[in-house]
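Asks: The primary structure of each chain is shown beneath.
2 protein chains.
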Amino acid sequence: MFAGAQVSLYPMTDGFVDVIMGALSALDPWRDQLRIETDDISTLIVGPPEVLFPALRDLYAKAAATGEHVVLRATLSRGCPGEPDDPICQTNALANPEQPLAERQQEALSAIEAAPEKGQVADAQFSLYVMGAGDHMAEIMGCIDFLKHSGTFDRSKNFCTRLTGDAGPVFATLREAFCRFGPPQGHVTIDLTVSANSPSKR
Amino acid sequence: MFAGAQVSLYPMTDGFVDVIMGALSALDPWRDQLRIETDDISTLIVGPPEVLFPALRDLYAKAAATGEHVVLRATLSRGCPGEPDDPICQTNALANPEQPLAERQQEALSAIEAAPEKGQVADAQFSLYVMGAGDHMAEIMGCIDFLKHSGTFDRSKNFCTRLTGDAGPVFATLREAFCRFGPPQGHVTIDLTVSANSPSKR
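Chains as they are written, first to last, in the numbering used here: chain A, 7 to 208; chain B, 7 to 208.
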């Protein structure tokens, strides 16, 4: 299995380089479980979902704590058939395909309840894509049903779903959506935007 | 059919509101063929691909012309089974499913040659997702083969492909990737990032 994300931070300030560089230290506790490569558009972070999501959460929370309007953007993927297996991605976080949708939804809700708060609000918007054989709309509809009970659900929009709340439960919700819906051997992706301190909200 | 995009502009400057507001006038020539709704995270633009891509191109080019480091982000979708048919999305731009992949690739290349230049460089990164029944990887591989001959291909990365060149042919390449691969009745999405004036490139 190969899993990871292409991640970018967009601080809407003249001091954008300092905000980005300052936030990167939030990845330090996770670095030995990830492979990280940067270019001028995005940073590739390769690793299992149970490390990837808390790492993104901490990166976001540190950037948001500057008080600047900052957006974290990520293209997340697991199981892409075009990518090679990688030992660093080994994971126990993916759902058992034999398990009924209702049970997976219940376990996902329990995982959110256990998530620690981070003290930063996260306004998130994301699309979940399930590729390949099988009833991908059934998995997506099952995921949307879970999201509506997650405590972080804000509203559905065209092409995506909005979440809001503390960064802890919001990124836990995203991790559960990514891991528990769609087959463990399937190709699942998330197109994610998380916004902090937007002046449009004030 | 329902088609459109959730679009955001991220100018990395204290004057981000002015850059965004100034760029919006680039949509004026297209507004009567689109439906546009804005919230604090993104702007929904609903309309057919042949209007959507030039509208995004003009929005990007106008923002890039400020000289600021600006990123345009879009989640594009066509044919999502969860969205209602909408007359404003009626399109003749989608490929004939009976047409062989090689012919579709050739027509896509001709369309890029016909694209006008806009005078702004676009460094783009995108993922194409083809959902539902059928061999989605064959369509994606066919699309990647087209991209490699497009004249705008930069390189493949994990989870995505990079394009670079004038905004005219780059957005034409994106339009062709969106329209000519995957079935016309299918659900196809693009996760798109386009970056202007990045200091990391200097």
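The set of hints was computed from the structure by calculation and includes no laboratory data.
Mixed in with the good hints, there may be bad ones.
Identical chains share a label here; the pair holds if one copy fits it or two copies do between them.
[To be verified] When the alpha-carbon atoms are kept at most 20 Å apart in a straight line, the in silico SDA-like pairs for lysine to any residue are as follows:
no., residue 1, residue 2
1, K154, Q191
2, K163, I196
3, K154, T170
4, K163, G21
5, K163, A108
6, K154, V52
7, K154, P35
8, K207, T19
9, K154, A71
10, K68, S162
11, K207, R37
12, K207, D160
13, K154, G21
14, K163, L50
15, K163, I94
16, K154, T19
17, K68, P93
18, K154, I196
19, K163, T97
20, K154, M143
21, K207, P106
22, K163, I42
23, K68, M7
24, K163, D45
25, K163, D151
Asks: Look at each hint and say if it fits the structure.
Replies: Going through the hints against the structure:
For the homomeric pair K154 and Q191, neither the shortest alpha-carbon distance inside one copy (26 Å) nor that between copies (29 Å) is at most 20 Å. In this homomeric assembly, K163 and I196 come within 20 Å of each other (Cα to Cα) both inside a single copy, at 15 Å, and across copies, at 17 Å. Proximity of K154 and T170 under a CA criterion of 20 Å is satisfied intra-copy only: 12 Å inside one chain copy versus 40 Å between copies. Proximity of K163 to G21 under the C-alpha cut-off of 20 Å is found in neither arrangement, the shortest distances being 32 Å within a copy and 28 Å between copies.
Taking the closest pair of Cα atoms, K163 and A108 never come within 20 Å of each other, the shortest separation being 24 Å inside a single copy and 36 Å across copies. In this assembly of identical chains, K154 and V52 lie within 20 Å of each other by CA distance neither inside one copy nor across copies; the values are 29 Å within and 25 Å between. When the C-alpha separation of K154 and P35 is checked against a cutoff of 20 Å, the pair qualifies neither within a copy, at 32 Å, nor between copies, at 39 Å. Both within a single protomer and between protomers do K207 and T19 lie at most 20 Å apart by alpha-carbon distance, with minima of 17 Å and 19 Å respectively.
When the C-alpha separation of K154 and A71 is checked against a cutoff of 20 Å, the pair qualifies neither within a copy, at 28 Å, nor between copies, at 42 Å. Proximity of K68 and S162 under a CA criterion of 20 Å is satisfied in neither setting, with 27 Å inside one chain copy and 30 Å between copies. Taking the shortest alpha-carbon separations for K207 and R37, neither the intra-copy value of 34 Å nor the inter-copy value of 25 Å comes in at or below 20 Å. With identical chains, the CA atoms of K207 and D160 are at most 20 Å apart within one copy only, with a shortest distance of 14 Å there and 37 Å across copies.
Taking CA atoms no more than 20 Å apart as the test, K154 paired with G21 passes in neither setting, with 37 Å inside one copy and 36 Å between copies. For the identical chains of this complex, K163 and L50 are inter-copy neighbours only, at 9 Å across copies versus 28 Å inside a copy, given an alpha-carbon limit of 20 Å. In this assembly of identical chains, K163 and I94 lie within 20 Å of each other by CA distance solely across copies; the values are 18 Å between and 35 Å within a copy. Within a single copy, K154 and T19 get their C-alpha atoms no closer than 34 Å, and across copies no closer than 36 Å, so neither meets the 20 Å cut-off.
In this homomeric assembly, K68 and P93 never come within 20 Å of each other (Cα to Cα): the closest approach is 29 Å inside a single copy and 45 Å across copies. For the identical chains of this complex, K154 and I196 are intra-copy neighbours only, at 18 Å inside a copy versus 25 Å across copies, given an alpha-carbon limit of 20 Å. Taking the closest pair of Cα atoms, K163 and T97 never come within 20 Å of each other, the shortest separation being 31 Å inside a single copy and 23 Å across copies. Only within a single protomer do K154 and M143 lie at most 20 Å apart by alpha-carbon distance; the minimum there is 16 Å, versus 32 Å between protomers.
Taking CA atoms no more than 20 Å apart as the test, K207 paired with P106 passes in neither setting, with 39 Å inside one copy and 49 Å between copies. In this assembly of identical chains, the alpha carbons of K163 and I42 lie at most 20 Å apart only when taken from different copies (13 Å versus 32 Å within one copy). Taking the shortest alpha-carbon separations for K68 and M7, neither the intra-copy value of 30 Å nor the inter-copy value of 41 Å comes in at or below 20 Å. Taking the shortest alpha-carbon separations for K163 and D45, only the inter-copy value of 10 Å comes in at or below 20 Å, while the best intra-copy value is 31 Å.
Taking the shortest Cα distances, K163 and D151 sit within 20 Å of each other inside one copy (15 Å), while across copies they are farther apart (33 Å).
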